[in-house]
Structures are given as structure tokens and as C-alpha cells.
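Given chain U, work out where chain R should sit, using these hints.
Each chain is listed here by its residues.
2 protein chains.
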Amino acid sequence: MNPTRDALSGLRIIDLTRVLAGPFCTMMLADMGAEVIKIEQPGKGDDTRHFAPFQNGESAYYMNLNRGKQGITLDLKGQGKEIFLDLVRKADVVVENFRPGTMDKLGLGYDTLKEINPKLVYAAVSGFGDSGPYRLRPGYDIIGQAMGGLMSTTGWPGGEPTRSGTAMADVLAGLSVTIGILSALRHRDQIGVGQKVDVALVDSVVASLEIITQIYLTDGRIPERIGNRYESCYPYDSFTAKDGSVVIAAANDKLWRLVCHAIEQPELAFDERFDTNAKRVERHAEIKLLIESWTRSHNVDDVVETMLAAGVPASPINTVDRLVRDPHIAGARQMFVDMEHPKAGKTKLTGCHIKLSATPAHLRSPAPQLGEHNAAVFGGLLGLTADELAQLQLDGVI
Amino acid sequence: MNPTRDALSGLRIIDLTRVLAGPFCTMMLADMGAEVIKIEQPGKGDDTRHFAPFQNGESAYYMNLNRGKQGITLDLKGQGKEIFLDLVRKADVVVENFRPGTMDKLGLGYDTLKEINPKLVYAAVSGFGDSGPYRLRPGYDIIGQAMGGLMSTTGWPGGEPTRSGTAMADVLAGLSVTIGILSALRHRDQIGVGQKVDVALVDSVVASLEIITQIYLTDGRIPERIGNRYESCYPYDSFTAKDGSVVIAAANDKLWRLVCHAIEQPELAFDERFDTNAKRVERHAEIKLLIESWTRSHNVDDVVETMLAAGVPASPINTVDRLVRDPHIAGARQMFVDMEHPKAGKTKLTGCHIKLSATPAHLRSPAPQLGEHNAAVFGGLLGLTADELAQLQLDGVI
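Order-wise, the sequence lines are chains U and R.
So the first sequence is numbered by this note's numbering: it starts at 49 and just counts up by one.
So the second sequence is numbered by this note's numbering: it starts at 49 and just counts up by one.
I should point out that these hints are in silico values taken from the structure, not numbers from a laboratory.
One or more hints might be untrue.
When chains are identical, the list treats them as one kind, so a pair holds in a single copy or across two.
To be verified - Listed below are the simulated BS3-like cross-link pairs for lysine-lysine, each with C-alpha atoms no more than 27 Å apart in a straight line:
id	residue 1	residue 2
1	Lys302	Lys153
2	Lys125	Lys327
3	Lys391	Lys162
4	Lys153	Lys391
5	Lys138	Lys92
6	Lys336	Lys290
7	Lys327	Lys92
8	Lys302	Lys92
Isolated chain U (complex conformation) (with noise of 0.2 Å):
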């Protein structure tokens, strides 16, 4: 085999999903080098196609995650089942985000697929999940991150619980399904036999909890919103400079030490008031205001260099205008990739963060029309003629 094909090479992954969580799954995959074949409603397409922000009447929000798939329409019902079925036949992995019962009622549920390919990895994301009492519930983000805790542990003391500004529970389980999906294949090329994976938004969130969690189960405590501090360590914080804020994270004494030699108060050094963690944690109201003194008159970008400069691990709260020209982020790390969109026209999508050394993930094309590759997959992968096509086209099977 060719050393220089793609980490993914070879996958033919048939992807009905839709919105978010599963498209961001899919996109990681193409990146990578598998084949997606993304599965739309004919005439409609997927919903984020109508998402707002526009280019040149093409959404951005469906650019950025559908890009490097192909594109086909097909009904599922009536004639499309069999064209589907003639698909999963020559596929390695199904993946929906349809409500936990769907595919079922389609009569093409896991059940029935792995009779006719029993290589198949199915994989299925969902609010729920797809068993217990809520299965049937409809899940959103806002409620994965409500059900799985999140919001309650986020926010400031004394306000409200705060969602996380992205679709957290949704690009959770996006990643989860994905270690999931690549799990089961490894089986699968192990043993011939493929399976289910079964990922839920509120599963997802929950996982992500970690100490949050176990403190309650271990002490009996239920985690407070404590703004950015954090319970263990002081300063561990955001601090407000002249033009926006920073993040300062001192986390021991000798860190402590040099933080208040850069802040131009070098008596705090010996201050007996703060020279232990506990202390610093119990007095941290009054050396946020210490710190902000000296923060408040200086900019975001002076108080970083400063700190680091003095060896304390500090950071810009960066604004996504800071974000895309950033020469690390944007330009060294390459977070941010042209792609030219034949209708869109030139385009900036967020590009692969997983960065492989041998088989580097990229952007391989652009999110497709809808029905763009209909011929090309229909025709190409399952020999349909041109009249055939025509024909299905026009009973509205694809």
C-alpha cells in the first residue's frame, strides 16, 4: 500500500446525520482521509443549509461542517430504501442523529442493516441515548447541557446557571461518537463482526464533569458557581486589564513570588497574610483587587508578555477577532483554512485540530451542493445508468 495515503484511507463512511453533534463527527473523519457519503432530504437538504451566517446566500455554518463530504439526496422511504440498503451494502459505518426509534420505524434499524453487512459499525448520537426512561426525549444542546450538570457548575456566585457560549453538548458527543466509531471498527478488522455505538449529548456532558462530580460523591458537597477561580489554588484567575481581561495562573508559592514582582509590589512576596495556598485561596477576593491595581492600567497584551516574561503562566481572554489573526493559532497551528466555495466564493473554515505527522488531516473539498454527487455515487459506486437516475430524479427518490 501507498505509505502516504491518508490516516483514514479506504473508509466508506454512509452519514445521515444532521445539525451538529453528527456532522462534526463526519467532518473529523473526512478530514482525515475517509469517504463520506452525506445522506440529505431531497428538495430540502439539511436544515443548516437555512442557518445564518450567509455567504453569497450559502451558510457558513453548513461550510464549515460538511466540507470534504460528498453530497447525495435520497428519500428513505419507498424506492430510496433499497438504493439506501445497495449503499450500506458497500458501506464501513452508518452514522444518524436521529431521534433514538427513527431509523427503526424506517424498518432500518441496526437490526436490519447488520443482516445485510454484519461488518457494519452503526453509530448513533442522540440526547438521550438510545436506552432508559428519556430515551424519546428530544435533546438540543441547551438541554444536554442542562440534564448533564454543566450549566450548574458554570457561571458566577450569586448568578444564574450559564450555558457554555458553544454547543458544548453537542461537540462532546461529536467527539465521543468518533472515538467510538473508530473503536468498533478496530474491533470489527479484529473479528469480521461489526456493532452499535451509542453516544448521548447528556452522557457526554456528564463525562466531561470529572472532579465536579466526584466531589459531591465523595464529600457530599455540591459544586458552587464560583466565576473563573477555581477551589484549589489562588491566583488561578481572570483579572481585568485597560482594554479587556487576562488570565493569570499562579498555582504555587514560588509562582505566587514572581507574580508579585511583576505586578510591582514586591512586599506582597513576604506578606503573611498570602504566603500559603490555603491562605490565598481563603483571601482571594482581596488579592484579585491587589492584582487588578497593577492590571487595570495596563493592556491585555503588556500584562500577558509581563507575566510570561517573569515565568507565570498568563493568557489574553482572547475575542474571535483575536483569535483568527493570532500568529500562532491562526498561523503556526493553521486553525484557520482558505477553501474556495464555488458559490460562496472564498471562504475561512476552522480547520483539523487532531495534527498528524505522517497523514495530516485537511480540507479537502467543499461542503457539496445538494444532490451534487448523485451521479457520481449512484452512478459510479452502484452502476445506476444516466436513465435511471433521470427516472429516480423525477419521482423524487433522490
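Same frame as chain U, now just chain R:
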């Protein structure tokens, strides 16, 4: 082969990781059946062995993230280096989360390790990744969240940028490096050569922002902090109830009308001020008050039950005490699992959230005592004698 083996049976992972991002990755690999050999510093161990909360003196933080792993001690300098290389010869994967350059300084960088084991997959997690101008900056969770833009989009109008209540940058990086490892292993199995996987906390956070960055890249608008509502639809937000908060997610006109009936204000369903989603987004503050005029006089569970019965997606904002008792999450989905620990006694750990039908992940054994598996690994795997082990211990090598 035995079809009942685990998904990742037969994989041997040499685990140099500490604290959170790396251990979270190898925890999932162990839950799915990989053999994980965690190397800790002789006499000291992973810092999190000393992180609260404790149960009978054992850290719940450590016990949760390191269950199912074998624990050995090894000083990576001097004599320990050769022993480490012997382990690498017998490994599929090495994972570390040191600052970039640390392994090179020890003479154990990827370029060295791949010479002695070309099939090795070498995975590194760090704050900023192993390239670019910030490569050597210290990276902690709060820095990943700040630098990667997540804090800037989380929080309330007029309020401060807010971190996620959990160590989300670590969690995202831990999930992402797991995907990288499994992808690189798949490629290795095809062509016989490993590679390096390089995952940064900052990149992982950037990748999670999805539409947030696209809003700026497409429209030039910096997304503001808007609390728990979303920009695209309303009412899709949190609401205060009598004894806590709930989430109601009514993303279209039909659901809005159902909400109006559920809150016993059916006349609102025909109110022209609110009859399109665009109007509702604009008048979100008014609608919040109207909905809360009802939710404030009902308990969380009643609100959720009423909404779900009416067909409206809704959920409690679970605090951790509710989470660990929830019949779906803790019961059916088994997200909290009992584990008997030889010193701590009965503990409850977070279950694996990736549900595989044929080879379910499970918690195999309690986290190791420091050096617990020295004899098993150095003796059993590398063939060292009891005398040699005793001498190594005397010399402080293990």
C-alpha cells in the same frame, strides 16, 4: 479470535501522562479494553494523588481518572531510560502531556523512540501544541479556555468572560488525542509504520467554537455574551422556577404556541407581537418575563413534566446531587459506577459514556497504588528478576 474480547483488546499503551487531559484519554482507552501501563515518578507519583477530595486518604480525582490502569514507577533518567526503551519496544502507543521538548531533553523524543519501534504511535498533549511561537508556553486548562476564545463567548450581557465550570480545555484535548491515537493506529495497521499525534488544548477549544468563529469570519461581527439564550430562536433559554431553573427549547412557531397553552396564557399564541420567531428573538426579554410569571410559581419537576406532556422540549438544570440520583443517567445509562478500592473502600466513579453494543466499555479495576504493578510489568513483561527489581528500588530507579 474470541468475539467477546473488548474493543481495544491487544493494544498496549505506555502512559506518561499526569493530571487531567492525558489521563482522561488513557482512562477511555482502558475502559474499552486497552492495556494501559501508567508510569509515575518513584516516591511521588502523579500530582493528582494529592488533589482533594479524599476518601480514606485516597484522592477521588486520581481514582476516577486512573481506574483500570496498571501503575509502575520509573525514573526516566539514568538506568530507568533503558528500561523505558524496553517497554517502548513492546508497546503500540506512548502518550505524554509534558511541555513540548521535555521528552527530547530526556533523550526520549519521538525521533528516538521511532528508531527502536517504527510501529509506535506517539501521542502528545500540550497547551499550545508542538509547533509555533507559543510552543514552549505553559498550558493549563484556564489558559486553553481563555486563549481558545471559549471564555469570551460564555457568560452574560455586560458581565465578564466566563470559564466553563469543568476543565473543558483538558477534556476536549483528551477526547481529541484519543481520536488521533485511534486514527494513527488504523493507519499503522494498514502500512506498518506509526506516527506522532500532536494535540493542543488551545486548538481543541478553537475547534469547539464551530459557528461562533464563523459569525466573525463571515459577517465580521464579534459574537457577544448573551447568557443562556441563543441568537437564532426564542424561547430557547433558561427560566427561573420555584426551586431552581429549567430549560425550555421551543425553536419554532408550533412549539411556541404549545408553550403559550402550557403556561396557561393561550391568548399569547395569537399575539401579533410574538407570532414569528424573528419577533420573538427581538422581544426575548418580554417573553422571558411572561414565561417566568408562570414558571416561578411551579417546581422544576412540574415545569418539565408539563412542558414534555405538551410536546415542548424541556429539562431541569441539574445540579450534581440530582445528576447522581437520576433514574435515566445514573440508572439506565450507568453513568456512575461502584468500584471497590483496597484503601478507599467503596467508591463511585464516572462511567464510560461511549456505549458499545458488543464490547461494552467497563471499569476493570481500581486505580493503582504507586508502583503497584512494578513486579507484574518489570518482571512479567520485561523478565527482570526479583533481585534486579530489589536493586532498582534500592537505587531509586523504580
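Results of checking the hints against the structure:
When the C-alpha separation of lysine 302 and lysine 153 is checked against a cutoff of 27 Å, the pair qualifies only between copies, where the shortest distance is 24 Å, while the shortest distance within a copy is 63 Å. Taking the shortest Cα distances, lysine 125 and lysine 327 never come within 27 Å of each other, neither inside one copy (66 Å) nor across copies (36 Å). For the homomeric pair lysine 391 and lysine 162, neither the shortest alpha-carbon distance inside one copy (39 Å) nor that between copies (45 Å) is at most 27 Å. Within a single copy, lysine 153 and lysine 391 get their C-alpha atoms no closer than 37 Å, and across copies no closer than 50 Å, so neither meets the 27 Å cut-off.
Within a single copy, lysine 138 and lysine 92 get their C-alpha atoms as close as 26 Å, which meets the 27 Å cut-off; across copies the closest is 53 Å, which misses it. Only within a single protomer do lysine 336 and lysine 290 lie at most 27 Å apart by alpha-carbon distance; the minimum there is 15 Å, versus 34 Å between protomers. For the identical chains of this complex, lysine 327 and lysine 92 are inter-copy neighbours only, at 25 Å across copies versus 61 Å inside a copy, given an alpha-carbon limit of 27 Å. Taking identical chains as interchangeable, the C-alpha atoms of lysine 302 and lysine 92 lie at most 27 Å apart only when they sit on different chains, with a minimum of 19 Å there against 60 Å within one chain.
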